[in-house]
Amino acid sequence: MKRIEAVNDFVIKFANVNGTGSASANNMFAKSLFRMGLPISPKNIFPSNIQGLPTWYEVRVNEKGYLGRRGGVDMMVCMNPQSMAKDIQEVEPGGYFLYDSSKPLDLRLMRSDIHFIGVPLKDLCQREYSDARQQQLFRNIIYVGALSALLDIEFDVLTGLVSDQFRGKEKLITPNVRALEIGYHYAAEHYQCPIGIRVERRDAVGDQILIDGNTAASLGAIYGGATVAAWYPITPSTSVVDGFDKYCKRLRIDPGSGNKNYAIVQAEDELAAIGMVIGASWNGARAFTATSGPGISLMSEFLGLAYFAEIPTVLIDVQRAGPSTGMPTRTQQSDVLACAYASHGDTKHVLLFPATPRECFEMTAEAFDLAETLQTPVIMLSDLDLGMNDTMSPPLVWDDKREYQRGKVFNEQQLEAMSERFGRYLDIDDDGIPYRTYPGTHPNKGAFFTRGTSRDEYAVYTEDGDAYEKNMQRLLKKWDTAKNLVPTPELIEAAKGGAKVGVIHFGTSRNATLEAVDSLAAQGIAVDTLRVRGFPFHKSVDAFIEQHDTVFVVDQNRDAQMRTLLVNECLVSPRDLISILNYNGTPISARKIYEEITMVLRGDNVRPLHKKKIAKESV
Amino acid sequence: MTYIRPAFRHPELPRNDLGFTRKDYEGAISTLCAGCGHDSISAAIVQACFELSIAPHKVAKLSGIGCSSKTPTYFLGNSHGFNSVHGRMPSVATGANLANRDLIYVGVSGDGDTASIGMGQFTHVVRRNLNMMYVVENNGCYGLTKGQDSATADIGSASKKGEPNPFEPIDLASIALQLGATFVARSFSGDRDQLVPLIKAAISHRGFAFIDVISPCVTFNNNPKSTKGYEHVRDHLAATGTVDYVPFKHEISTEYEQGQSKEVTLHDGSVVHLHKADPELNLNSRRSALRLIKDYKAKDQILTGLLFMDEDSQDLHEILGTSKTPLRDLGAAELCPGQKVLDKLNESLR
Ligand SMILES: Cc1ncc(C[n+]2csc(CCOP(=O)(O)OP(=O)(O)O)c2C)c(N)n1
Ligand code: SF4
Chain G
1 MKRIEAVNDF VIKFANVNGT GSASANNMFA KSLFRMGLPI SPKNIFPSNI QGLPTWYEVR
61 VNEKGYLGRR GGVDMMVCMN PQSMAKDIQE VEPGGYFLYD SSKPLDLRLM RSDIHFIGVP
121 LKDLCQREYS DARQQQLFRN IIYVGALSAL LDIEFDVLTG LVSDQFRGKE KLITPNVRAL
181 EIGYHYAAEH YQCPIGIRVE RRDAVGDQIL IDGNTAASLG AIYGGATVAA WYPITPSTSV
241 VDGFDKYCKR LRIDPGSGNK NYAIVQAEDE LAAIGMVIGA SWNGARAFTA TSGPGISLMS
301 EFLGLAYFAE IPTVLIDVQR AGPSTGMPTR TQQSDVLACA YASHGDTKHV LLFPATPREC
361 FEMTAEAFDL AETLQTPVIM LSDLDLGMND TMSPPLVWDD KREYQRGKVF NEQQLEAMSE
421 RFGRYLDIDD DGIPYRTYPG THPNKGAFFT RGTSRDEYAV YTEDGDAYEK NMQRLLKKWD
481 TAKNLVPTPE LIEAAKGGAK VGVIHFGTSR NATLEAVDSL AAQGIAVDTL RVRGFPFHKS
541 VDAFIEQHDT VFVVDQNRDA QMRTLLVNEC LVSPRDLISI LNYNGTPISA RKIYEEITMV
601 LRGDNVRPLH KKKIAKESV
Chain Y
1 MTYIRPAFRH PELPRNDLGF TRKDYEGAIS TLCAGCGHDS ISAAIVQACF ELSIAPHKVA
61 KLSGIGCSSK TPTYFLGNSH GFNSVHGRMP SVATGANLAN RDLIYVGVSG DGDTASIGMG
121 QFTHVVRRNL NMMYVVENNG CYGLTKGQDS ATADIGSASK KGEPNPFEPI DLASIALQLG
181 ATFVARSFSG DRDQLVPLIK AAISHRGFAF IDVISPCVTF NNNPKSTKGY EHVRDHLAAT
241 GTVDYVPFKH EISTEYEQGQ SKEVTLHDGS VVHLHKADPE LNLNSRRSAL RLIKDYKAKD
301 QILTGLLFMD EDSQDLHEIL GTSKTPLRDL GAAELCPGQK VLDKLNESLR
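If you read the protein sequences in the order shown, they are chains G and Y. So the first sequence is numbered by the UniProt record's numbering: it starts at 1 and just counts up by one. So the second sequence is numbered by the UniProt record's numbering: it starts at 1 and just counts up by one.
These aren't lab readings, by the way, just hints derived from the structure by calculation. Given the structure is predicted, the values throughout are model-derived calculations rather than measurements. Idealized CB from N, CA, C, for every residue including glycine. The reader is advised that the hints may include incorrect statements.
[Stated by the list, open to error] Restricting the straight-line Cα-Cα distance to at most 20 Å, the calculated cross-link-like pairs of lysine to aspartate or glutamate (EDC-like) are: (1) LYS408/G <-> GLU231/Y; (2) LYS344/Y <-> ASP245/G; (3) LYS324/Y <-> ASP254/G; (4) LYS340/Y <-> ASP254/G; (5) LYS260/G <-> ASP329/Y; (6) LYS401/G <-> ASP343/Y; (7) LYS246/G <-> GLU334/Y; (8) LYS445/G <-> GLU231/Y; (9) LYS340/Y <-> GLU403/G; (10) LYS246/G <-> GLU231/Y; (11) LYS297/Y <-> ASP343/Y; (12) LYS122/G <-> GLU181/G; (13) LYS592/G <-> ASP518/G.
[Claimed, not checked] Take a look, some chain Y residues computed to stay more than 10 Å from chain G by CB distance: (14) ASP102; (15) ASP171; (16) LEU237; (17) HIS275; (18) LYS276; (19) ASP300.
[As the list claims (entries may be wrong)] Which residues of chain G face chain Y? A partial, calculated answer using Cβ under 7 Å: (20) LEU210; (21) TYR223; (22) THR227; (23) PRO443; (24) ASN444; (25) LEU485.
Produce the complete structure using the sequences and hints provided.
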């Protein structure tokens with residue numbers, strides 16, 4: 001029988017039951033490989049439920065550093081009888097299936113093309129521990145021990161992790177190490193170890209760290225100088241504010257007085273959360289909220305106000321699968337249009353698309369600068385995949401010389417020195433961005449009225465059509481200014497001078513896209529990639545589309561939302577852009593992108609191949 | 001437009017302690033219907049702020065949407081104002097207050113704005129005891145959208161269309177009391193003598209100060225069958241008593257008879273005298289206030305005046321333990337932990 005043989009390049013998946021304490025064991029497994037210098041990308045695939053339903057944890061190990069989902073599973077660790085039939089089917093031919101052999105396997109489920117590895121976890125636990133909860137918890141640690149023999153994980157690394165994890169609770173170290181040993185010895189005695197797939201120490205991680213995007217974003221808010229956070233709980237964004245709270249408690253309490261240099265309010269709903277952010281920003285504080293799809297819907301009216309009244313507003317949207325409640329614990333990039341054009345009337349909002357935890361950190365901090373510079377809402381669009389999964393990332397860095405850009409704000413002295421009348425919505429600098437003043441600045445100069453109704457340049461209410469148009473035109477000018485301030489796209493050219501085929505992608509599609517492009521290159525197909533990092537689109541996005549005969553757009557949603565946005569804003573024809581879509585709730589895989597591109601390029605797909613040719617034909 | 005203001009002002013206009021004249025507290029000329037109760041409330045706010053010698057620019061005035069919510073344009077022209085979205089002023093006020101605890105926050109809302117679309121936010125701003133004065137200009141109808149019944153319209157009361165309202169009203173003062181508001185009052189826009197001292201006390205109160213002001217809509221809800229029209233309200237008023245507010249800096253007057261009056265000292269030392277008409281009212285008891293509101297209502301009367309007050313109230317900042325320096329005044333030095341802290345963090349994530 002075929003046997004998958006691989007060193008430092010495989011996919012392992014754990015099938016668990018939600019609420020059984022498997023998360024920390026699975027984390028320990030992943031982190032041990034990371035500490036052996038191997039790039040990993042673990043992904044939680046969990047249900048919208050607290051206990052009892054199936055949950056999976058998929059770890060890709062790849063020495064070359066590919067971090068996207070590859071597709072397929074080389075080894076399954078099966079801990080959930082409920083999902084076993086399906087889990088067995090998922091294993092690639094020649095792969096491995098580790099199960100609890102305390103009870104014999106149902107013969108009907110057996111496959112002759114994969115290798116079954118039985119470890120009597122329940123029996124081993126019952127022999128060792130009397131307490132029921134311990135029997136449950138240590139079962140997880142025992143399979144990690146078994147894996148260390150089967151995959152050749154350095155045992156010292158595992159024990160090191162145990163001591164790190166239980167620092168301060170030393171009593172727990174010995175029983176955990178014992179559980180690891182039990183598993184290790186059982187596997188070593190009963191199987192020829194290592195099996196075909198295994199790990200070897202490498203130095204492929206360098207100084208990178210393992211952190212989830214939401215934690216990184218919360219640190220971005222700390223470093224970016226946010227003092228007010230208002231939010232309403234929603235998966236998968238909750239941990240952004242949890243992280244902010246945790247780090248504020250550590251870093252933001254005034255040592256002298258014990259007072260907090262921040263305020264966090266759990267609002268009554270998303271409407272209130274964004275209202276508080278707008279109120280605080282209007283009054284000169286850096287404030288933010290974090291939410292997901294349903295929250296964006298509720299916040300829309302206020303976002304329109306913030307856009308029209310020109311109030312800096314920072315929002316972190318960690319996208320999940322919608323519409324409506326959709327699949328709340330699965331990932332998608334399906335709030336792109338809802339965020340870009342949130343609210344009624346002519347509105348558009350600045351968007352940021354991070355792809356790594358480091359970008360979550362940087363872009364969150366930057367969002368405050370941008371929002372205050374532009375006096376407008378700035379929405380960072382992360383997603384569940386990036387937000388909630390530990391992801392390898394370059395270390396977080398901060399330039400200590402960096403100063404906050406607080407935007408155009410007249411202070412008391414400037415107002416005092418002014419002889420002319422202060423005009424809140426005057427375009428003095430011809431960049432579309434007016435000057436504001438904070439409430440309470442000057443006794444009789446600089447006060448203005450903020451409202452969502454039309455007004456003239458002096459903030460005086462008017463329904464004059466010309467004044468309205470003039471104002472809307474100025475907002476468009478500001479939008480143009482924004483183009484040069486948002487993060488520029490990341491361009492990777494296959495060769496000097498560029499290829500004929502290009503792929504546009506954004507956010508978490510990055511890992512899978514770059515890997516797919518490498519696979520295509522190995523087949524002799526050169527593909528350039530452009531990763532959009534901000535909206536409004538930089539002019540290089542237009543240029544990229546213009547320069548490539550065939551342009552693919554990777555979107556993790558059904559309706560090709562990024563493609564729609566490109567069509568709307570870049571003046572390209574929809575047929576110029578070929579969609580690659582993934583919206584089943586799991587992150588897009590490199591395989592999928594590879595296959596869709598080769599299919600189109602081979603021509604066995606009805607979609608147009610060369611946009612220039614098509615354009616001529618249709619004349 | 002209710003009044004036309006002369007451009008010329010007498011140089012000898014009376015000045016308050018800060019040297020401001022009443023004019024410094026006025027706003028743009030009102031565009032509300034002549035006779036609208038809301039304009040009288042604006043005038044009372046102007047009067048109260050002038051008499052309190054508040055620096056106008058230290059006030060932030062916020063509102064939702066509605067005729068009532070338009071009024072902040074018509075008072076305190078040297079203050080920043082914020083006309084937010086319908087019913088969601090409380091959250092904007094909360095954010096603003098969190099950013100800068102040193103300003104005075106005046107919120108103006110309508111009964112539609114507060115008792116319907118904004119009911120959720122209203123209840124939560126009460127619960128959080130945000131330090132602000134929250135005035136509902138209550139006309140029992142939607143003025144700006146032309147006269148629909150609001151949730152505070154009394155059962156049987158009829159607006160301009162003449163159809164009696166079939167639903168029980170929401171009594172905002174009772175709700176505020178039940179939710180734990182630390183200052184609750186009710187008044188009538190036509191009763192300037194009562195309203196001005198109430199506003200002064202509300203502004204000086206630390207915590208959430210709620211005033212429900214019955215404010216007739218002359219255009220849509222001022223007919224004989226309406227219970228929120230001038231005629232009806234004037235005929236059915238009953239006051240808890242007269243209220244008198246004495247700022248900290250002034251000598252406390254004792255011209256009223258003892259025994260009949262209740263004296264409440266605010267956190268800054270100012271004093272509220274309540275000269276009771278109804279000796280049943282215990283200013284420190286929510287239950288007493290709730291019962292009296294009901295009793296008077298049963299008698300078809302509207303009880304006005306100061307209804308409840310908690311002098312020891314703790315506002316949101318005290319509850320949260322936030323910095324005494326306004327959060328908006330903190331800079332990178334206080335806020336940004338720098339690369340050294342990041343280095344350690346990076347280390348712990350390997
Ligand atoms: C979300 C939303 N829904 C509806 C409206 C329309 N609207 C404007 S004012 C108003 C009612 C105002 O009534 P009230 O708060 O009682 O104030 P009044 O005009 O009576 O002073 C409504 C429904 C709106 N502006 N926004
Ligand atoms: S419609 Fe009614 S509430 Fe509105 S301004 Fe006129 S009188 Fe006042």
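Against the structure, the hints:
Among the hinted pairs, LYS408/G with GLU231/Y is inconsistent with the structure: their alpha-carbon atoms are about 52 Å apart, more than 20 Å. The hinted pair formed by LYS344/Y and ASP245/G meets the criterion: a straight-line CA distance of about 19 Å does not exceed 20 Å. Taking the CA atoms of LYS324/Y and ASP254/G, the gap is near 10 Å; set against the 20 Å cutoff, the hint holds. Taking the CA atoms of LYS340/Y and ASP254/G, the gap is about 18 Å. The hint holds against a cut of 20 Å.
The hinted pair formed by LYS260/G and ASP329/Y meets the criterion: a straight-line CA distance of about 13 Å does not exceed 20 Å. Between LYS401/G and ASP343/Y, the direct Cα distance comes to roughly 16 Å. Compliance with the 20 Å bound is thereby established for this hinted pair. For the suggested pair LYS246/G and GLU334/Y, the alpha carbons sit about 17 Å apart, so the restraint of at most 20 Å is met. As the CA atoms of LYS445/G and GLU231/Y are separated by approximately 42 Å, the hinted pair breaks the 20 Å bound.
For the given pair, LYS340/Y sits about 17 Å from GLU403/G by alpha-carbon distance, which is consistent with the 20 Å threshold. Among the hinted pairs, LYS246/G with GLU231/Y is inconsistent with the structure: their alpha-carbon atoms are about 58 Å apart, more than 20 Å. With a CA separation close to 67 Å, the supplied pair LYS297/Y and ASP343/Y exceeds the 20 Å bound. For the hint linking LYS122/G to GLU181/G, the alpha-carbon distance of about 15 Å falls within 20 Å, and the restraint holds.
For the proposed pair LYS592/G and ASP518/G, the alpha carbon gap of about 14 Å is at most 20 Å, so the pair holds. For ASP102/Y, the non-interface assignment is contradicted: its Cβ lies about 7 Å from the closest Cβ of chain G, within the 10 Å cut-off. The non-interface label for ASP171/Y is consistent with chain G: the shortest C-beta to C-beta separation is roughly 21 Å, beyond 10 Å. Distance check for LEU237/Y against chain G: the nearest CB is about 34 Å away, which clears 10 Å, and the non-interface claim stands.
Every CB of chain G is more than 10 Å from the CB of HIS275/Y (nearest about 36 Å), matching its label as outside the interface. Consistency note on LYS276/Y: stated as away from chain G, and its beta-carbon is indeed over 10 Å from all of that chain's, at 37 Å minimum. A cut-off of 10 Å between C-beta atoms confirms that ASP300/Y is not in contact with chain G; the least separation is 35 Å. The beta carbon of LEU210/G comes within 6 Å of a beta carbon in chain Y, closer than 7 Å, and the hint placing it at the interface holds.
Interface restraint check for TYR223/G: the shortest CB-CB distance to chain Y comes to about 6 Å, inside 7 Å, so the restraint holds. Because the closest C-beta pair between THR227/G and chain Y is about 4 Å apart, less than 7 Å, the hint holds. For PRO443/G, the interface hint holds, the least distance from its beta-carbon to any beta-carbon of chain Y being 5 Å, beneath 7 Å. Taking 7 Å as the C-beta cut-off, the interface hint given for ASN444/G holds, the closest approach to chain Y being about 5 Å.
A distance limit of 7 Å between C-beta atoms decides the matter here; for LEU485/G the minimum to chain Y is near 20 Å, and the interface restraint is violated.
Comparing the model with each earlier hint shows violations of hints 1, 8, 10, 11, 14, 25; every other hint is respected.
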